[in-house]
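These protein sequence lines map, in sequence, to chains G and E. For reference, each letter of the first sequence is one residue, going 930 to 1367 in the numbering used here. For reference, each letter of the second sequence is one residue, going 930 to 1367 in the numbering used here.
It should be emphasised that the hints constitute simulated quantities derived from the structure, not laboratory data. Quick reminder that beta carbons are idealized off the backbone N, C-alpha and C, glycines included. Treat the hints with care, since some could be wrong.
Claimed, not checked - To give an idea of the interface, some chain G residues facing chain E are shown, with a C-beta separation under 7 Å as derived from the structure:
#1 Ala-1070
#2 Ser-1198
#3 Arg-1201
#4 Leu-1224
#5 Glu-1233
#6 Ser-1237
#7 Met-1313
#8 Leu-1330
As the list claims (entries may be wrong) - A short, non-exhaustive set of chain G residues, derived as facing chain E with CB atoms under 8 Å:
#9 Phe-994
#10 Gly-1187
#11 Leu-1290
#12 Gly-1294
2 protein chains.
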Amino acid sequence: MKPINVGLLGIGTVGGGTFAVLERNADEIARRAGREIRITTVADRNTKRAREIAGGRIKITDDAFSVTRDPEIDIVIELIGGYTVAKDLVLAAIENGKHVVTANKALLAVHGNEIFAAARRRDVMVAFEAAVAGGIPIIKALREGLSANRIQWVAGIINGTTNFILSEMRDKGLSFAAALAEAQRLGYAEADPTFDIEGVDAAHKATIMSAIAFGIPMQFDKAHVEGITRLESIDITYAEQLGYRIKLLGIARRREQGVELRVHPALVSAKRLLANVEGAMNAVLVQGDAVGATLYYGKGAGAEPTASAVIADLIDVTRLHTADPEHRVPHLAFQPERVRDVPVLPIGETITAYYLRMRVLDKPGVLADIARIFADGGISIDAMVQKEAGEGESQTDIILLTHRTVEKNADAAIARIEALDTVQGKVTRLRLETLQGI
Amino acid sequence: MKPINVGLLGIGTVGGGTFAVLERNADEIARRAGREIRITTVADRNTKRAREIAGGRIKITDDAFSVTRDPEIDIVIELIGGYTVAKDLVLAAIENGKHVVTANKALLAVHGNEIFAAARRRDVMVAFEAAVAGGIPIIKALREGLSANRIQWVAGIINGTTNFILSEMRDKGLSFAAALAEAQRLGYAEADPTFDIEGVDAAHKATIMSAIAFGIPMQFDKAHVEGITRLESIDITYAEQLGYRIKLLGIARRREQGVELRVHPALVSAKRLLANVEGAMNAVLVQGDAVGATLYYGKGAGAEPTASAVIADLIDVTRLHTADPEHRVPHLAFQPERVRDVPVLPIGETITAYYLRMRVLDKPGVLADIARIFADGGISIDAMVQKEAGEGESQTDIILLTHRTVEKNADAAIARIEALDTVQGKVTRLRLETLQGI
């Protein structure tokens, strides 16, 4: 069969990795795909770097749009990133009848509904395994491997930068700022780490997973997004003492009235595999009604792990590019006419457990007052620890773990607690995920 | 689109689960597959039980062959198990142009080459996600999700019965026999547990994974198969003290001269996620050259987890049943004409590390003699522990961990050690897997 010609837009880290793996494993890939898959054109603003990486045998251009129009190109890989040029390029490729492979989670989370609608009109595929959890084939697992299930929830460590920082904070007792600096020094965090540490990147990925898990549109603007910048070392220590680790989780959960879609730090029992995912690794836990819990673990970033996902998509698209659309897996797992407009619930409607830390005066009756407030709010307490006051100190910390409750009720109780004379300052509240049933 | 009609052969545990999940999730499945998938005929020797499970609206027969000939049936699910009738039925279905979905690892590991050749001749699909690791979509991950990679090795906990027994032995200090009895009481082990505890079931699954990971034929008869029946509690205890857990692993590893294909108990560092897979759970670790290590975890058995895999296959087959064969993923991941006759290496050529336990006289020079034998054999010692002799005892245990070496060299050294006057009885040898590179 004739080779498949691929145009690569953007030859940075992942683009370079894709180029290298396609070359190195050309034989193994052809053994699987049944034909050669070759990058024939690379578009990059830095044509000099592109030439250094891609060598002399292929076409190099700084005009990415020309690639989307090239009649010789069957598939366009978009690895430029961001929402602006990348969006125009992806839409142009689609309009020109090209299949698209992209690793661009921001683009899909924010403009995915528009992009997939355009792809359907033109009968082309838009594949995006690399957009979530790098080399872990989680999109395929959700879309195809677990297709028998009513998926109940997905919870993942889907940002390696923040997981690395949290591992460093715990292992070495570092502050957030020190751990971030270490991550930057080692190349795990970018110079501007905002998207990672504020949870935005994880929220892009959680949004994509919510769409393919539940058959709903992308609703990134409705996601609750909370990063790790305000996390204090003391809470990591206390959590550890109680048998928990703090992870930045991306969670999509189906409820009767809608879906929860949220990214925030959360306590996870140290006995769980998910709590033991360390450093820059990623892992996604999926709960399906038939299969129960399954977990997918691996490298969520990096040149070759991400290239692994990009090329897997290339092979899938190669196999199906001349097939009728009904022979293909729907872009977002569900038939487009069967996607349902299920709303994302406000964060106050979230149901989860909580870790609360409060500074209190070390005197009789304090605990009783606090316990009464929770009882009034119908919130059950799972564990309570009062730290011994230091020598000569009149204040101490109380740490409380609640059972699952509705977030707005927890917040109401916290407001009442903060109003007590005996409680100093604000209550620190972290969510605690049991990762079981609904 | 018209519904897909499925004939189910065998409505035992998994068949019942498949029936139940297809009914319960009919809407969710149709939202994905774009059409209804319905079981229209069930064949089971026990027609009364079949009727109880499947209800009155579908055809029940005790003649499974009639289902394979039924022109109304598009896909046949084989859940009878074993090599004999199941083989005839699968081949009959293929000859009649039916697509087949099966959970039968024994059949595929032993007769897979013949079955897939027949399926190619008739242009039908034979899907088998449920044959390995139950509900975990590991076949899809290996065949499609990691298709960019040269896969270097696969190592899995792929038999829940033995993992449950090993967890019980470790947690409760039980003997193998007591843990087996407990597993039988709780339904995790069958009345005749031979296939599980002797490693045969795991070897079937490892054989299937080796074929799709490396693009080689099924070579079950060449697999090295060792179960857990001779495992002693003392070694679990000693391993634990050294920071290791003992797991029954199925391993397929690519080497220059051939592949290692082996099932046996092995020490795994307790820090590894794989070592922390407890009870009846399954997990598979895959090392690819681009993606690095990825891990897949979930329930490896049970009615609905296995049904999850069976139905995922049904949906895949439904999507592609009218597509041209080149639009389908090859049965065994690689194009049939590109499968290579790579030999399975004899077990003596295995390269791995070892745990050795020996009973020695508690007198000077013993350690020196043993160390000399290893040095002569070019085997490096990673750790050595000599247990303190009990009060009034003249013998003690030495435990040794070696670095990686060729198995026949390790065995030669062990033979020399056993010949020493100061060493009592046989040396206990267990493999220790570092689960890193080659």
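Here's how the hints hold up against the structure:
1. Look at Ala-1070(G): its Cβ gets to within about 5 Å of chain E, closer than 7 Å, so that hint holds up.
2. Restraint check, Ser-1198(G) versus chain E: the minimum CB separation of about 13 Å is more than 7 Å; hint violated.
3. Violation of the interface hint for Arg-1201(G) is found here, the shortest Cβ-Cβ separation to chain E being roughly 9 Å, above the 7 Å cut-off.
4. Hint status for Leu-1224(G) relative to chain E: holds, with the closest Cβ pair at about 4 Å, below 7 Å.
5. The restraint placing Glu-1233(G) at the interface with chain E holds, with a minimum CB-CB distance near 4 Å, inside the 7 Å limit.
6. For Ser-1237(G), the shortest C-beta to C-beta distance to chain E is roughly 4 Å, which falls under 7 Å, so the interface hint holds.
7. With 7 Å as the threshold, the beta carbon of Met-1313(G) stays out of range of chain E, its nearest partner Cβ sitting at about 29 Å, so the hint is violated.
8. For Leu-1330(G), the suggested interface contact is broken, since its CB lies about 23 Å from the closest CB of chain E, more than 7 Å.
9. Hint status for Phe-994(G) relative to chain E: violated, with the closest Cβ pair at about 27 Å, above 8 Å.
10. The interface hint given for Gly-1187(G) is broken, as the beta carbon of that residue sits about 17 Å from the closest beta carbon of chain E, more than 8 Å.
11. Checking Leu-1290(G) against chain E by beta carbon gives a least distance of about 42 Å; that is not within 8 Å, so the hint is violated.
12. Interface restraint check: Gly-1294(G) against chain E, minimum CB-CB distance 43 Å, threshold 8 Å, status violated.
Hint violations for this structure: numbers 2, 3, 7, 8, 9, 10, 11 and 12, all remaining hints satisfied.
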